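Line by line, the protein sequences are chains A and B.
With the numbering used here, the residue at position 14 of the first sequence is 14, and numbering never jumps.
With the numbering used here, the residue at position 63 of the second sequence is 63, and numbering never jumps.
Just so you know, the hints here were simulated from the structure itself, not pulled from any lab data.
Being a predicted model, the structure only gives us computed values, none of them experimental.
Just to be clear, a hint being listed does not mean it is correct.
DEER-style ranges, computed between Cβ atoms [stated by the list, open to error]: (1) E8(A) / R113(B): 37 to 47 Å; (2) V83(A) / S18(B): 33 to 43 Å; (3) S18(B) / L114(A): 43 to 53 Å; (4) R110(A) / S83(B): 44 to 54 Å; (5) P79(A) / R113(B): 30 to 40 Å; (6) M45(B) / E66(A): 20 to 30 Å; (7) E63(B) / E66(A): 35 to 45 Å; (8) C13(B) / F46(A): 27 to 37 Å; (9) R113(B) / Q71(A): 32 to 42 Å.
Note that the Cβ used here is the ideal one computed from N, Cα and C, for glycine as well.
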Amino acid sequence: AQSVAQPEDQVNVAEGNPLTVKCTYSVSGNPYLFWYVQYPNRGLQFLLKYITGDNLVKGSYGFEAEFNKSQTSFHLKKPSALVSDSALYFCAVGDPRGYGQNFVFGPGTRLSVLP
Amino acid sequence: GAVVSQHPSWVICKSGTSVKIECRSLDFQATTMFWYRQFPKQSLMLMATSNEGSKATYEQGVEKDKFLINHASLTLSTLTVTSAHPEDSSFYICSATQSTGMAYEQYFGPGTRLTVT
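Looking at chain A on its own, in the form it has when it is part of the complex:
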């Protein structure tokens, strides 16, 4: 069974500093990895995904994520955090064959960017 872990419930960072939100995964076979962001009382917004190719994936709003197969990690990063980045971030692992049944979300990490 696929699983996703986000070891930090909360990440605090000062505005302008780099941020990292951690994600590790467990899958059988090739991983298909996603990051989503959720603002209060809103649905999920897609940030980026890794399917194949370069290990460094660039996404929306200046975010990027690095796929590390040996460490089974897919950490989300941004060089300079903004207060508006404060939100709930979900890492997810999917399977193109199984759609939602094999689309598993992590528990989420709340990011607070302090002015």
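Given the coordinates of chain A, work out where chain B should sit on it, guided by the hints.
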């Protein structure tokens, strides 16, 4: 493109009544839609998979007679919470998939907050 809408965005109902939530793919055809439930400060939990023209597939522990799902067209799926109780109060999110070759894209609606009093 690839916008998913939900209606209503929030609803308050009395215990024992039924509530219908709509999920629409606005600019693409979605053969498959998913319904998720999210409790405060928790992740999304998949409730069911909805395929156009067929019965929904429910995840273990989800009561299919309580959460009725109808996927009548390629752009509309509905979730009806029947005989709602306060414990059904939650944030319900739908998503729709659009196949793109080897991978797929899953687009999420903005969610519906249900409060049962």
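How the hints compare with the structure:
Separation of E8(A) from R113(B) is about 26 Å and departs from the stated range, judged on CB atoms against 37 to 47 Å. With their beta carbons about 41 Å apart, V83(A) and S18(B) fall inside the hinted range of 33 to 43 Å. Between S18(B) and L114(A) the CB atoms are about 44 Å apart, so this pair conforms to the stated range of 43 to 53 Å. Against the hinted window of 44 to 54 Å, the Cβ-Cβ separation of R110(A) and S83(B) comes to about 34 Å, which falls outside the hint.
Restraint check, P79(A) to R113(B): a C-beta distance of roughly 34 Å satisfies the suggested window 30 to 40 Å. Between M45(B) and E66(A) the Cβ separation comes to about 28 Å, which falls inside the hinted range of 20 to 30 Å. For E63(B) paired with E66(A), a C-beta distance near 41 Å keeps the hint of 35 to 45 Å intact. For the hinted restraint 27 to 37 Å between C13(B) and F46(A), the CB-CB distance of approximately 31 Å keeps it satisfied.
Roughly 37 Å separates the CB atoms of R113(B) and Q71(A), a value that falls within the hinted 32 to 42 Å.
Hints 1, 4, counting from the list given before, are not met by this structure.
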